[in-house]
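K.L.:
Next come the chains, spelled out residue by residue.
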Amino acid sequence: MHQTFDAALEINLLHANQAGAEENRRHFEDWGITCFNIMSSPGAGKTVLLERTLEALSPKLKIAVIEGDMTTELDAERLRQYHVPVIAINTGRSCHLDSKMVSGGIHRLAHEYNPSEFDLVLVENVGNLVCPAEFEVGEHQKVALLSVTEGEDKPLKYPVMFQEADCLLITKIDLAPYLDIDLQRIEDNVRQMNPNVTIIPVSAKTKVGLEDWLAWIEKQL
Amino acid sequence: MHETDMTKALIMTVRDWYESQPEQPQIQTIHLIVGQFTCVEPASLQFAFEVQTRNSFLENAALAIQETPLIAFCHPCQKEYHPQMGQQYACPDCQNPMEDIRSGRELKVDRIEYA
Numbered sequence: 008m009h010q011t012f013d014a015a016l017e018i019n020l021l022h023a024n025q026a027g028a029e030e031n032r033r034h035f036e037d038w039g040i041t042c043f044n045i046m047s048s049p050g051a052g053k054t055v056l057l058e059r060t061l062e063a064l065s066p067k068l069k070i071a072v073i074e075g076d077m078t079t080e081l082d083a084e085r086l087r088q089y090h091v092p093v094i095a096i097n098t099g100r101s102c103h104l105d106s107k108m109v110s111g112g113i114h115r116l117a118h119e120y121n122p123s124e125f126d127l128v129l130v131e132n133v134g135n136l137v138c139p140a141e142f143e144v145g146e147h148q149k150v151a152l153l154s155v156t157e158g159e160d161k162p163l164k165y166p167v168m169f170q171e172a173d174c175l176l177i178t179k180i181d182l183a184p185y186l187d188i189d190l191q192r193i194e195d196n197v198r199q200m201n202p203n204v205t206i207i208p209v210s211a212k213t214k215v216g217l218e219d220w221l222a223w224i225e226k227q228l
Numbered sequence: 068m069h070e071t072d073m074t075k076a077l078i079m080t081v082r083d084w085y086e087s088q089p090e091q092p093q094i095q096t097i098h099l100i101v102g103q104f105t106c107v108e109p110a111s112l113q114f115a116f117e118v119q120t121r122n123s124f125l126e127n128a129a130l131a132i133q134e135t136p137l138i139a140f141c142h143p144c145q146k147e148y149h150p151q152m153g154q155q156y157a158c159p160d161c162q163n164p165m166e167d168i169r170s171g172r173e174l175k176v177d178r179i180e181y182a
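In order, the protein sequence lines correspond to chains A and B. According to the working numbering, the stretch in the first sequence is residues 8 to 228, in order. According to the working numbering, the stretch in the second sequence is residues 68 to 182, in order.
Next up, chain B with everything else stripped away, as it sits in the complex (with noise of 0.2 Å):
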């Protein structure tokens, strides 16, 4: 359901960079990074994105997502793992919690591509 805000957030973060260029650019895509340690979900986002760009300087532009997966680091073991998301979140082999997770909170925009 956030999804909305999301991407308004997403336009209005490119409509900054967009406004601060010295000639309006063509941007044809959009990069964008979401993790799967989120709360979103990139089908919704994409959905969104479609509707909330129409009419819009963004309206022929498509968006790229890239999900990247939850990896955490175990300390104890001295190694990365990745939690079975929905079930498990501990290590595997010594069960120290979750405690420093090194990828799949990521939620930004990371390029546009433009002509």
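Chain A with its partners taken away, still in its complex shape (with noise of 0.2 Å):
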């Protein structure tokens, strides 16, 4: 009969992934950068609100994106109309952005362009609720959206994300009136876990509530 031995290891399974976390967060450090992790559902308004946050502050900073949320290059596409570099990661079949995915796009956006240039990267996660949350890409604020026609109930069925997020974003609040939807229940249901969480509601159509997300970023550069 032979003996079983024990080795005790107790080592954190995102170990790997949060080491490249941090070393992503100090490329950025070095080049002065900023940079923000966006997520959410798929269709909560990522990309829209990408495009109306391009158009009011590319005149006056320096952004790039890095956009996960594509299975086509459509979104890419659309960013790109704002004269800024969008650098389009390969996600394949993922579920989420992991940070050596996201390694890989800081190396380009060094390599193309002069980075000590830019003051803030938009990193556009791929759309979920779920996987995001536990997977740091190097960010300095994550930022989740949750859009009315979602429900009041998300934050609680997803507690990660909406416990993770620094500013919670309730997009589509045009169709608010059109719908069941108590947007102080919403708020309510984030900060039984989330108390400080910034939370803005906006309208990327209407551009309703667009003012105060705008400098909100001003004040994390």
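There's no promise every hint is true.
Here chain B is said to cover these stretches of chain A; the calculated rule only asks that three of the stretch's residues, wherever they fall, bring their Cβ under 8 Å from a Cβ of chain B [what the hints assert, rightly or not]: (1) 102-108; (2) 136-145; (3) 190-203.
In the BS3-like style, the derived pairs of lysine-lysine whose C-alpha atoms are separated by at most 27 Å in a straight line are [to be verified]: (4) A:107 with B:75; (5) B:175 with A:164; (6) A:67 with A:214.
Every beta carbon over 10 Å from chain B, so not counted as near; a handful from chain A, in silico [as the list claims (entries may be wrong)]: (7) 30; (8) 64; (9) 67; (10) 90; (11) 97; (12) 117; (13) 119; (14) 123; (15) 159; (16) 181; (17) 216; (18) 218.
Note that these hints are calculated values from the structure, not bench results. We put the CB at the ideal spot given by N, CA and C, even for glycine.
Mind assembling these two chains? They're in different frames, but the hints should get you there.
P.N.:
Given below as structure tokens:
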């Protein structure tokens, strides 16, 4: 009969991703860049929010986009109209970006441009409320979007995403009058697990709330 | 879905340990701790592990997953409580938000049994 042994490891499963995220963040900091990780379910309005953001800020800030939410080049094409570098990452069938993929994007940015010229890098994550919350990519701030059509209960059902967010944009609020949605309940639900999150209701269509979002961005730089 | 990636990370972590041993041991069981307040589903992880370790040094290894419950500490009440996942995260007594998670965020390789 042979003996069995035990080895205590106590190693976090996300250790490798975390180390990569910290390295990405160091690069950003060396170049004086602030990075946001923008996350939501598919169709909450990440790309249109980026369009409105680039339209307003690209004349005064040097911005680059790392685009993970693409099954096609469609999103990237939409954003290139604003004359900013859009680095499309081939995520394949991945359900989230990880720090290694974003590192590839950062190297392309550094290779094709002078990274020290940039102020802000916006990472558009893959549309998914579950996985992206667990994989840091090197961001300084996590931005989550929740559209009014998704329902007040989503923060309760996908708590990790909403607990981690530094800023929550409640999007498509121009549709709120047509729905039985209680914006206050969304806020209350999120604050149960994340009392200090900044919550900004916006509409990319009517531009309501956009000023608050832009002001929040400028405060992070 | 990302259980595939988590499993890759798990295999890499164990491989690092395995290769650092003076003699390559026969790994019997990997003990993993998965918190309830993570985005990992133990059943999917178990399945991904089975598929991804075929024909590898972990072919005959078992994965034992211990789930830890979500436990928060309420500072105003000075006591622990169990938030109701999907329904209520604030303290049931004083409604203070869930700020201090004491258990449920774990995602780690705890220990390895080998011969």
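K.L.:
Each hint needs a verdict: does it hold in this structure or not?
P.N.:
Here's how the hints hold up against the structure:
1. 102-108: Answer holds; 3 residues pass the 8 Å Cβ test.
2. 136-145: Per the Cβ count (5), the hint holds.
3. 190-203: holds (count 5)
4. A:107 with B:75: holds, 14 Å
5. B:175 with A:164: holds, 23 Å
6. A:67 with A:214: holds, 19 Å
7. 30: At about 16 Å from chain B, residue 30 of chain A clears the 10 Å cut-off, so the statement holds.
8. 64: holds, 32 Å
9. 67: Given that every Cβ of chain B is farther than 10 Å from that of residue 67 of chain A, nearest at about 36 Å, it holds.
10. 90: Residue 90 of chain A clear of chain B: closest Cβ-Cβ about 34 Å, beyond 10 Å.
11. 97: holds, 16 Å
12. 117: Non-interface label stands for residue 117 of chain A: nearest chain B Cβ at 25 Å, farther than 10 Å.
13. 119: The claim holds: residue 119 of chain A sits with its nearest Cβ about 28 Å from chain B, beyond 10 Å.
14. 123: holds, 32 Å
15. 159: Per Cβ check, residue 159 of chain A is outside 10 Å of chain B; nearest 13 Å; holds.
16. 181: At about 29 Å from chain B, residue 181 of chain A clears the 10 Å cut-off, so the statement holds.
17. 216: holds, 24 Å
18. 218: holds, 28 Å
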